[in-house]
Amino acid sequence: MPSTSAAADHAALEQAAWWYATLLDAGDDADQQARWQQWLQEPGHARAWAQVEAVSRQFEPLRGEHQRKAADAGLKAARRVSSSRRRVLSGLASLATLGVIGWQYPRVRHEWLARTADYRTGTGEIHATGLADGSRIWLAPGSALDVDYSAALRRLRLHEGEIHVQTAADAQRDFVIDTAVARLRALGTRFNVRLHERGLQLAVLEGAVEVSAAGSVSVVEAGQRLRVDAAGIGPTQLADPDADAWIRGILMADQMSLAELVAELSRYRPGHLGVAPEIADLPVAGVFPLRDPDAALAMLERSLPVRVRRPLPWWTTLEALH
Amino acid sequence: MAAIEFTAHRQIETLYAAHHGWLSGWLRRRLGNTADAADLAQDAFVRLLTRPVPLASAPQARQYLRTMANGMCIDLWRRREVEQAWLDALAAHPEAVEPSAEDRAIVIETLCRVSAMLERLPEKVASAFVLSQLHGLRYREIAERLQVSERMVKKYMARAMLHCVLLEAGSGS
Chain A
1 MPSTSAAADH
11 AALEQAAWWY
21 ATLLDAGDDA
31 DQQARWQQWL
41 QEPGHARAWA
51 QVEAVSRQFE
61 PLRGEHQRKA
71 ADAGLKAARR
81 VSSSRRRVLS
91 GLASLATLGV
101 IGWQYPRVRH
111 EWLARTADYR
121 TGTGEIHATG
131 LADGSRIWLA
141 PGSALDVDYS
151 AALRRLRLHE
161 GEIHVQTAAD
171 AQRDFVIDTA
181 VARLRALGTR
191 FNVRLHERGL
201 QLAVLEGAVE
211 VSAAGSVSVV
221 EAGQRLRVDA
231 AGIGPTQLAD
241 PDADAWIRGI
251 LMADQMSLAE
261 LVAELSRYRP
271 GHLGVAPEIA
281 DLPVAGVFPL
291 RDPDAALAML
301 ERSLPVRVRR
311 PLPWWTTLEA
321 LH
Chain B
1001 MAAIEFTAHR
1011 QIETLYAAHH
1021 GWLSGWLRRR
1031 LGNTADAADL
1041 AQDAFVRLLT
1051 RPVPLASAPQ
1061 ARQYLRTMAN
1071 GMCIDLWRRR
1081 EVEQAWLDAL
1091 AAHPEAVEPS
1101 AEDRAIVIET
1111 LCRVSAMLER
1121 LPEKVASAFV
1131 LSQLHGLRYR
1141 EIAERLQVSE
1151 RMVKKYMARA
1161 MLHCVLLEAG
1171 SGS
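Going down the list, the sequences are from chains A and B. Note that the working numbering numbers the first sequence so that position 182 is 182, with each residue one more than the last. Just remember that the working numbering sits 1000 ahead of the position in the second sequence, which is counted from 1.
Any given hint could turn out to be false.
Claimed, not checked - Cut-off 27 Å, straight-line C-alpha distance, at most; resulting in silico cross-link-like pairs (DSS-like, lysine-lysine):
1) A:Lys-76 <-> B:Lys-1124
2) A:Lys-69 <-> B:Lys-1154
3) B:Lys-1155 <-> A:Lys-76
Keep in mind the hints are simulated off the structure, nothing from the lab.
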């Protein structure tokens, strides 16, 4: 009868797994070996044991000396994916009300989408483009954007990086930008969106933008900025009037630390760009050319007690001038 | 309505004609990418061809296709995430030899298989199994790392192995 044999199979597999766990860490216990050999002779046990061996053999390609750590990282990544998938599935009911189910797929989803987006920019690249309705967008370096216009909606999806948007009027269709943490709806406007590790920063230069995130809605007027992260929408603050300077290839530094400036410049420059900790907090002010970051570094050398060191072609650090 | 057995090419063709466009669109929206959507839609029908299932009605067919395609999307994301994590970790260890394309494919395939097997196990059980299988650690060392007794490690090992063999037996391979 099939059910009996299935039960027998299951029992045999259970015992095989137990023997495996026992023998794997046992010393040279002759007694135990003998008992295992005896068990193996019984009907169905050899087959169950072969299945246990087959599972263990599956790890073989991962066991190389230099393989293990990388394999470990791969397995951990897989576990992150599946556990977040489980979270997503169990949270579906509450997310459905937001209408953004797809966007709640964690990092994996938008990281991967970012690699295949309609528009993407690399290091140092600023890309300006016009959209079908006459709206204009600028992509900062390291950005990925999908454009999805339909008869009912003008929809952009920002996967990573930063964009500046100038919308054209269209009474029939809303203009929205979806990101991992929020939906932004333009209310006749010019604004800047920058994604961070954990959320986004929005600065509105003209008009207004409606922000929807985590079930709440907030309207940001011209001259204001705010942050959104997993916890929700942050308080409204005064926007930097030069939030769009980058689209003209300019960085306006005002009350910026050297470390912050260096972080900005490194988006525009291939290779590592670091700053020594003892000078990281130096205040910097000035106008720097983003399209020529090495000239910006030279300017820093002239105005601050720092020097640029380039020990390797792809390795540049700012150090204190002694 | 009688159940339709999709055992012949002609029937698959009918199904393909009725649902392929819809499935591609669904995948495109889900993946945000036309090429991947086309690949997965193709794969979905190939699977139906190799493992026919009775589908009684059009809504049922779509339901089935959607469930299948959903699983395929998740597999795809997992695969890419795993591959990226693996490559990043390799890059962080310059002493490691650059793997050949074949080795790479084998390792990624293995990582996906193994991680799918361990997916449903509790964290510590899966960790114990990986520490033993991958790193060859003794139970004593695993026990220290996981802050449990050696006896518990042995239980974890038996449980993980049973889970894996049952999965493998169930998948029919």
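Evaluated hints:
Annotation: proposed proximity of Lys-76 of chain A to Lys-1124 of chain B holds, straight-line Cα distance about 13 Å (limit 27 Å). Between Lys-69 of chain A and Lys-1154 of chain B, the direct Cα distance comes to roughly 23 Å. Compliance with the 27 Å bound is thereby established for this hinted pair. For the proposed pair Lys-1155 of chain B and Lys-76 of chain A, the alpha carbon gap of about 22 Å is at most 27 Å, so the pair holds.
Every hint, counting from the list given before, is met by this structure.
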